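S.K.: Please work from the sequences and hints to get the whole structure.
Protein chains in written order, with our numbering: chain A, 28 to 276; chain B, 3 to 357; chain C, 393 to 463.
There may be inaccurate statements among the hints.
Unchecked claim - The following label-pair restraints were derived from C-beta to C-beta distances:
1) A/L65 to B/Q54: 28 to 36 Å
2) B/K218 to A/E267: 41 to 49 Å
3) A/H44 to C/L424: 16 to 24 Å
4) B/G203 to C/K462: 30 to 38 Å
5) C/M393 to B/A193: 18 to 26 Å
6) C/M393 to A/G266: 37 to 45 Å
7) B/G333 to A/G175: 48 to 56 Å
What the hints contain is simulated information worked out from the structure, not anything from laboratory work.
Remember, predicted model here, so these are calculated numbers, not experimental data.
For each residue, glycine too, the CB sits at the ideal point set by N, CA and C.
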Amino acid sequence: MITIYERPQSLTANTMHYCPGCTHGIIHRLVAEVIDELDLREDTVGVCPVGCSVLAYNYFNLDMQQAAHGRAPAVATGIKRVHPAKVVFAYQGDGDLASIGAAEIVHAAARGEKISVIFVNNAIYGMTGGQMAPTTLIGQETTTSPNGRDAAVQGYPIRVAEMLATLEGSAYISRVSVHNNVNVIKAKAAIKKAFQTQLEGKGFSLVEILSTCPTNWGLTPLEAAKWLENNMIPYYPLGEFKAAKEVGS
Amino acid sequence: MAKVLMKGNEALGEAAVRAGCRFFFGYPITPQSELPHYLAQRLPEVGGLFLQAESEVAAINMVYGAAGAGARVMTSSSSVGISLKMEGISYIAGAELPCVIVNVVRGGPGLGGIQPAQSDYFQAVKGGGHGDYHLLVLAPASVQEMVDLMAKAFDLADKYRNPVMVLADGILGQMMEPVEFPAEILQELPAKPWATDGARGRGPNLINSLYLEPEKLEEHNHRLFEKYRQMQEQETMAENYHTDDAEVVVAAYGSTARIAKAAVDMARKEGIKAGLFRPVTLYPFPTEEINQACAKAKQVLAVEMSMGQMIEDVKLSLNCRLPVSFYGRVGGMVPSTRAVYNEISALAQKGGEQA
Amino acid sequence: MEKVIFAEDRCKGCEMCTAACPKGIIVMAKHLNSMGFHPATVTEQEKCISCGNCYRMCPDQVITVRKEEKK
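M.R.: Shown next as C-alpha cells:
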C-alpha cells in the first residue's frame, strides 16, 4: 500500500479557520503542492494579505510576511529585490488586490516584478462580513449592495486578469477556477506555470482563481460551486491572457 | 577623509550608503527630492537598489518587505508623504522591523508649502500612526550632523528592531555645508536570523503584527514599551550651549537651534545670562538633560518653526516648575536672530515671574 | 486495507468530497466529530479506486489516499 495523496510538506498540520466548503483551503493546498514539486519549500517567501487569508501564515510551512491591506505586491517587491534568487509569492483576495491595492498590483505588473500573485476572486469581502467587492457581479446581493449591485450606482465588476495582461511587464496571466475536479487540476497547472515563469525570470505572473464563499453567498458549498459556474465564469472567462510560449513547456 | 561641500539631502544619501544601506524605496516630493536623485545614481554603484514606487504608501510597504527580508533599507519624504506612510510605519513598529525614515519637513497642513518647517514634531514623536508605538527620532542641526546621525540611525534601528526617523527640514535638506564621511563603506552588517530569506535548514520565520488574542497583543505592547524604556535610559542626546549659569534657557532643535544660538550670543554680549538647550533625540526626549540645563533658569523659551509642539514636552519634562513661553514662525517663515533675541531680553527683564 | 483515510476531526462536513467521488461511496457519518460536524467517511473501502478526486476537492486536508503497489 503506497500513499499517493496526502498533505503537502509546504502546508502545516494546523486546521484551517476557513468556513466549511470555502475553497481557500484547496487553493492553499495547490500552491503548497506546486512548491513541493518544484522543491522550493526552503527557498520561498510568501506574503499574505488582509482578508480571510490573512492567517495563511499559520498554514504555509514557509517563511511568511503579513502585509497591510492591499500592499502585498509592494511587500513582495521589497522581499524579491533583496533576495532575487528566492521565490516570492503574494496571496491576495479581491478586496485586497482589486480595491485598496489596485495601484500596487498594477505597478508591480507594470514593473515586471518577478513575483507570482495568487489572486483569489470570490466576488465578495469574506472576513469583514460579506460586503461588495470590486469583483461583485451586477445584481449580486451583498451586505453593502443589499438590493443587488446596481451598475448605475456602484459601477461594474473589474476583470483583473484581462486588465493586467495589457501590461508589458506581465509574463504570465491566467484565470482558473477550483469549483470542481477538472478545474482544480487546471488551476494547479496554472499555478505551476506562474512559479516557473518567476523561476525563469520572465517577469510578473498572476493566477486569478475563481473561488467560492458559501457563508456570505448564503449557499451550501455545493450550491456555491454551481453558482460560481453559472454566474462567475460567464463574466470572468477562464483561460490564459498572457503566456510566454516556452514557459515550463 | 577630506571635507566635501555637499547639499544636505545628498549628504544624507551618501551617509546612508556608507552605513551599509543598500535599498531605498521612495517617491518624489519637494523639498527632499535631491536625496532620491542622489541615490538613484549612487546605489547602483555599490550594488544597491533605488526604486521609485507608485506612491509613498507603496514605498513604505516595500521598505517593510525589504526590512523583513533582512536588508538595511530606508525611505525619505516630506510631511505630506510621511502622513501617507503612517499606516506602514505603524506596521513596521508592530512587526519590529528596523528601517530609517527621513522626513525633510515642509509647511503644513494639507498641501501646505514647500518652505522649511518643524510642524511635524507631534507626528514624529507622539507616534503619528495608529496604536501605542514610538519612532526613535533624531534631529540634526547641520549637514555634518545629518551624516553622523544617519549612521547612528541604522545602528539604533537594528539594535532596537524599530523604525528610526531622521527629522530634518527644508533648510537642512537644501543647504550646502562642508562635510566629512566615514572613510569606508560598512560591509558586514548585524546578523538577522529572524529575517525571511527562505527557511533553508531552519523553521519558518514570520514577519507579522497581527495578534487576534487580546492577551497576546497586550503582551506584545508591553514588549515594545520595554524597548522604549531602554531607549529613554540609554539613547537620549542633547547639546548644551552656555546653560551652566543661564537664567533664560532657549529650547530649540534643528535649524531653529542654530538661529537661537546666534541670539544667545547676542544676549550674552548684552550681559544677559542666556543659554541654549538643543535636543538631538526628540524621542526619547532628553528629560534629565533639560532639567540640568535649566538648573539656574528663571525663564524658558521654546522656539520652533511651528505653532508650538515641542513646547509641550519641554513643559512636561520640567514638570511645569518653570515658566515656559513660546516664540515661533510657521508656514515656511523662518525666525530671525533679532526676533529671538528680543524675546530673550524681554524674558530677562521678567526674572522669575510667570511668563 | 484502507485506501482512503479521513482525519475525521478536521472535517467541517462541507460534503464536497461526496459529490466528487466517481464511485459515490463517500457518505456523511451519523456521529459528530470534535467540532460538532458529521464527518465524511467511506464504509465500502473495497470500491475505492484511489482516484484522489475526494482529496482534490477537500479544502481541509482531511483525506489521505493510498493504493496497492503494483507487483
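S.K.: Are A/H44 and C/L424 spaced within 16 to 24 Å by their CB atoms?
M.R.: Hint holds: Cβ distance 19 Å, inside 16 to 24 Å.
S.K.: Given the range 48 to 56 Å, decide if the beta-carbon distance of B/G333 to A/G175 lies inside it.
M.R.: 50 Å Cβ-Cβ, so the 48 to 56 Å window holds.
S.K.: Is it true that C/M393 and A/G266 lie within 37 to 45 Å of each other by Cβ?
M.R.: 42 Å, holds
S.K.: Are B/K218 and A/E267 spaced within 41 to 49 Å by their CB atoms?
M.R.: 43 Å, holds
S.K.: Is the hinted range of 28 to 36 Å satisfied by the C-beta distance from A/L65 to B/Q54?
M.R.: 32 Å, holds
S.K.: Between B/G203 and C/K462, is the Cβ distance one that fits in 30 to 38 Å?
M.R.: Holds - the Cβ-Cβ distance for B/G203 and C/K462, about 36 Å, lies within 30 to 38 Å.
S.K.: Falls inside 18 to 26 Å, the C-beta gap from C/M393 to B/A193?
M.R.: 51 Å, violated
Checked against the numbered hints above, the structure breaks only hint 5 and satisfies the rest.
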